[in-house]
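Participant: Using the hints provided, position chain U relative to the given structure of chain P.
Chains P and U supply the protein sequences, listed in that same order. First residue of the first sequence: 1, per the numbering used here; consecutive thereafter. First residue of the second sequence: 1, per the numbering used here; consecutive thereafter.
Heads up, some of the hints might be wrong.
Said to hold, decoys possible - Here are the simulated lysine-lysine pairs, DSBU-like style, with alpha carbons at most 35 Å apart: (1) K51/U with K105/U; (2) K70/U with K51/U; (3) K57/P with K11/P; (4) K59/U with K105/U; (5) K57/P with K15/P; (6) K36/U with K57/U; (7) K15/P with K36/U; (8) K36/U with K70/U; (9) K105/U with K57/U; (10) K70/U with K57/U; (11) K56/U with K70/U; (12) K70/U with K57/P; (13) K56/U with K36/U; (14) K56/U with K105/U; (15) K15/P with K105/U; (16) K70/U with K59/U; (17) K51/U with K36/U; (18) K57/P with K51/U; (19) K11/P with K105/U; (20) K105/U with K36/U; (21) K105/U with K57/P; (22) K70/U with K17/P; (23) K57/P with K17/P; (24) K59/U with K36/U; (25) K36/U with K11/P; (26) K59/U with K57/P; (27) K17/P with K36/U; (28) K105/U with K70/U; (29) K57/P with K56/U.
Calculated directly from the structure, the hints in this document are not laboratory data. All values reported here derive from a predicted model rather than from experimental measurement.
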Amino acid sequence: GAGVSQSPSNKVTEKGKDVELRCDPISGHTALYWYRQSLGQGLEFLIYFQGNSAPDKSGLPSDRFSAERTGGSVSTLTIQRTQQEDSAVYLCASSSSRGGTEAFFGQGTRLTVV
Amino acid sequence: GQQVMQIPQYQHVQEGEDFTTYCNSSTTLSNIQWYKQRPGGHPVFLIQLVKSGEVKKQKRLTFQFGEAKKNSSLHITATQTTDVGTYFCAGRWSGGSNYKLTFGKGTLLTVNP
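Here chain P stands alone, though its shape is the one from the complex (with noise of 0.2 Å):
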């Protein structure tokens, strides 16, 4: 596509689901990475994959969430049992190499737990 996707675009969901948040990057793009933000916040890094390397995991906040890229391509984030404070706007960007290019980002889910 012609920039990355995102969707839903909105989520609202019961404390206690689990959701799904999918993330198409642009075509041939290697990087791909997930950012929360929450209401007038800076960009909190979550998950990093590039390539056919490992996934950063290093910013995911606890176990009850997860990410997951199939074929190189889109990815999927998943928050199990979901809390109030997990309600954000859950940003996906890809760039097109690994460390010197900018980034593309989604427009973003917006997240409300209720």
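Facilitator: This is chain U only, laid out in the frame that chain P set:
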């Protein structure tokens, strides 16, 4: 892990005044990027700095990378209401997963017309 510290957190200016935001790393960066996020939007790439002492300009925006490649700044001359948004720096360090982009907390700029 590696971090970039960004200040100030907020800046309110009158239209026409200048604005500067600063980023600092305790260790040498491989490169640094700057992004702008408009209210309600997603971050959009502005520029990348790679070389020690590099200075780049985009119209009223001036970007600098320090000689030691540990700090960077974004300066806006004569702000306009269209400059409103949050400005983020994002750093990369050499080696392994250090290639991931690590963002500063951002500076929220508001401009009073």
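Participant: Run every hint past the structure and note whether it holds.
Facilitator: Cross-check of the supplied hints:
In summary, the hint linking K51/U to K105/U is supported, as the alpha carbons are separated by about 23 Å, within the 35 Å threshold. Among the hinted pairs, K70/U with K51/U is consistent with the structure: their alpha-carbon atoms are about 11 Å apart, no more than 35 Å. Distance restraint check for K57/P and K11/P: the Cα-Cα separation of roughly 23 Å lies within the 35 Å cut-off, and the hinted pair is therefore satisfied. With a CA separation close to 25 Å, the supplied pair K59/U and K105/U stays within the 35 Å bound.
About 24 Å separates the Cα atoms of K57/P and K15/P, which keeps this hinted pair within 35 Å; it holds. Among the hinted pairs, K36/U with K57/U is consistent with the structure: their alpha-carbon atoms are about 15 Å apart, no more than 35 Å. Proposed proximity of K15/P and K36/U is supported: the alpha carbons are some 33 Å apart, at most 35 Å. The straight-line distance between the Cα atoms of K36/U and K70/U is roughly 21 Å, inside the 35 Å bound, and the hint therefore holds.
For the suggested pair K105/U and K57/U, the alpha carbons sit about 23 Å apart, so the restraint of at most 35 Å is met. For the hint pairing K70/U with K57/U, the CA-to-CA distance comes to about 19 Å; that is within 35 Å, so the pair holds. A distance of roughly 17 Å separates the Cα atoms of K56/U and K70/U; the hinted pair therefore holds under the 35 Å criterion. Straight-line distance between C-alpha atoms of K70/U and K57/P comes to about 25 Å, which keeps the hinted pair within the 35 Å bound.
Only pairs whose Cα atoms come within 35 Å are accepted, and K56/U paired with K36/U is accepted, the gap being roughly 16 Å. Taking the CA atoms of K56/U and K105/U, the gap is about 22 Å. The hint holds against a cut of 35 Å. Restraint check for K15/P and K105/U: the C-alpha separation of about 28 Å stays at or below 35 Å, so the hint holds. Under the criterion of a C-alpha separation no larger than 35 Å, the hint pairing K70/U with K59/U is consistent with the structure, at around 25 Å.
Our distance criterion of 35 Å between C-alpha atoms is met by K51/U and K36/U, whose separation comes to about 21 Å. For the given pair, K57/P sits about 29 Å from K51/U by alpha-carbon distance, which is consistent with the 35 Å threshold. At most 35 Å may separate the alpha-carbon atoms for a hinted pair to count; K11/P and K105/U meet this at roughly 25 Å. As the CA atoms of K105/U and K36/U are separated by approximately 12 Å, the hinted pair is consistent with the 35 Å bound.
With a CA separation close to 20 Å, the supplied pair K105/U and K57/P stays within the 35 Å bound. Distance check on the hinted pair: K70/U and K17/P sit about 43 Å apart at the alpha-carbon level, beyond 35 Å; violated. Taking the CA atoms of K57/P and K17/P, the gap is about 22 Å. The hint holds against a cut of 35 Å. Between the alpha carbons of K59/U and K36/U the distance comes to roughly 15 Å, so the proposed pair stays at or under 35 Å and holds.
Between K36/U and K11/P the CA atoms are separated by roughly 25 Å; this keeps the pair inside 35 Å, and the hint holds. Between K59/U and K57/P, the direct Cα distance comes to roughly 38 Å. Violation of the 35 Å bound is thereby established for this hinted pair. With a C-alpha separation of about 34 Å, the suggested pairing of K17/P with K36/U holds against the 35 Å cut-off. Proximity of K105/U to K70/U is assessed by CA-CA distance (about 16 Å); at most 35 Å being required, the pair is judged to hold.
Taken as a hint, the K57/P and K56/U pair is honoured in the structure, with Cα atoms around 34 Å apart against an allowance of 35 Å.
The earlier numbered hints that this structure contradicts are 22, 26.
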